[in-house]
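Peer 1: The whole structure should be built from the sequences, with the hints applied where relevant.
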Amino acid sequence: MKLVPLTDRVVLKQCEAEETTKSGIILASAAQEKPQEALVIAVGPGGVVDGKEVTMQVKEGQKVIYSKYAGTEVKLEGEEYIIVRQNDILAVVE
Amino acid sequence: MKLVPLTDRVVLKQCEAEETTKSGIILASAAQEKPQEALVIAVGPGGVVDGKEVTMQVKEGQKVIYSKYAGTEVKLEGEEYIIVRQNDILAVVE
Amino acid sequence: MKLVPLTDRVVLKQCEAEETTKSGIILASAAQEKPQEALVIAVGPGGVVDGKEVTMQVKEGQKVIYSKYAGTEVKLEGEEYIIVRQNDILAVVE
Amino acid sequence: MKLVPLTDRVVLKQCEAEETTKSGIILASAAQEKPQEALVIAVGPGGVVDGKEVTMQVKEGQKVIYSKYAGTEVKLEGEEYIIVRQNDILAVVE
Amino acid sequence: MKLVPLTDRVVLKQCEAEETTKSGIILASAAQEKPQEALVIAVGPGGVVDGKEVTMQVKEGQKVIYSKYAGTEVKLEGEEYIIVRQNDILAVVE
Amino acid sequence: MKLVPLTDRVVLKQCEAEETTKSGIILASAAQEKPQEALVIAVGPGGVVDGKEVTMQVKEGQKVIYSKYAGTEVKLEGEEYIIVRQNDILAVVE
Amino acid sequence: MKLVPLTDRVVLKQCEAEETTKSGIILASAAQEKPQEALVIAVGPGGVVDGKEVTMQVKEGQKVIYSKYAGTEVKLEGEEYIIVRQNDILAVVE
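Residue numbers (this note's numbering), protein chains in the order written: chain E, 1 to 94; chain C, 101 to 194; chain P, 201 to 294; chain H, 301 to 394; chain D, 401 to 494; chain S, 501 to 594; chain R, 601 to 694.
From the derived model, a few chain C residues whose C-beta atoms are all more than 12 angstroms from chain E:
#1 Lys102
#2 Ala142
#3 Leu176
Keeping only pairs whose Cα atoms sit at most 16 angstroms apart, straight-line, the calculated EDC-like set for lysine to aspartate or glutamate is:
#4 Lys352(H) - Asp150(C)
#5 Lys363(H) - Glu277(P)
#6 Lys252(P) - Glu153(C)
#7 Lys252(P) - Asp350(H)
#8 Lys13(E) - Glu73(E)
#9 Lys102(C) - Glu160(C)
Which residues of chain E face chain R? A few of them, derived with a C-beta cut under 8 angstroms, are:
#10 Ile65
#11 Leu90
#12 Val92
For the record, the hints were derived by calculation from the structure and aren't laboratory data.
All C-beta atoms, glycine included, are put in the ideal place defined by N, C-alpha and C.
Peer 2: Below is the structure:
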């Protein structure tokens, strides 16, 4: 089963947060703020959205930063995804 | 009796939630958050909506993910439906 | 006396709610949530509304589902009506 | 002195509420909700309003239903008027 | 010193309220609601405002009714003025 | 160091308030409401802003009245400035 | 690793605040309001954003003033960045 996003929507999977503090201790993800980095899982076809032509600019497999308050969390076969509009993706991490 | 949606509206029927926890216990749907998966029951004709041309992209029988806060719940002959705008459908589940 | 709606407005008359519970008792409408089903009483001429061309798609005598928070209740000669914009009509019941 | 409305505005004068209850008692207007029926006193010229062409569709002397929360109450020489945009007039009463 | 309004703005000066009650007593303006009548002091040039062509329709010296919650109060050399957009002027009093 | 505003933005410097009360006492500015008069320090190039062509209509050195709740206060080398959009400038004081 | 902003977005890095009070004491940045000055780190390609053509007007390396409530804070490899839309940049500091 897979998610096929409509129009300008993008399916993301949040990256695991595993950050080392300055003192070298690894914090488990439960103790941290959710990172806003995510992996692009699927990209919608774009086209006319709200009467405006949208060209998709992100690709599957890219790592992106997305807007904190955007998106809808979706659970499919036990996996959690976030579906955002492309406009809520701020930057690609290269 | 059936619901014939206008313009870019889509009639959905929520999928039954029957999820198995890791320990193998089946949770009755009352104990769970409502899933956002739904079956497409009927699709409006599209056309000019708020002055913008809308082409319908979902079809009857598809399983879709829709936006959590969208839609109007409607009861017809004891059956519950949700009517959303196509724009509130995030992805098709294939 | 009759109501002649302007532009994309539609005059509705709410359907009487007379629902039988599973145990067979008929509940008087006072004890129930107002249904969203209504009969179309009069339809405006459409035309340019807020700078956008609107074509009317509902007809007098149709039974429709309308959006719960939409419309203005109006009382004329003791009869209660709801005036909504066509856009607040979600579906026709056939 | 008279009010000459600009653009798509319409000057209304609220109709006196004098309603007979079923038992035949006439309620004074103070004891009642204000009716939304009003008489059209003056109609603006229409034209381009917010960049959109507006054609006036109501005429002086018509009885209309207007939206409950719309309009500005104005007092001129002791008389009270309501100035609304044409868009806040829902229907003509014929 | 004088105020020269930009675009579709209009400088108004509120009319003095001096109203006689039915019993013939003249109420001082402090005891009253501010009237919405004002004198047009200066009119902006119009032109393209928010991407839309605006033609000015009021003239210096006219008495107008303006929207209660609109406008910015400005004090210049001890005199109080209200600057509104033309769109907040509801009607001319003739 | 100087501020070079982008698009339709204008850099203002608030005028000192030094107002004489009727009894002849000069009030220090701390005891007063901030005046809305300001001097134009720098003017952006205009051009296409939010998809609409904007022509700049104010000039450096002009004294203007600006909207009370508009603008962003900025401090540069100990001097305080306000950056507003041209649309928040209501009138020029001549 | 670097941030490559999409469309009209700009990656900023806040300037260190090190301000001397009038009495000559240097205040550590913790005791101060965050300054709104920032360095432009990366600039998106512009293009059609929300159906409107946007031309980028800031360049990498420029010092800019940005709107106080705009932008999303992002942390990448221990460094903090702010991603804003170009429209939230008020002025360039030269």
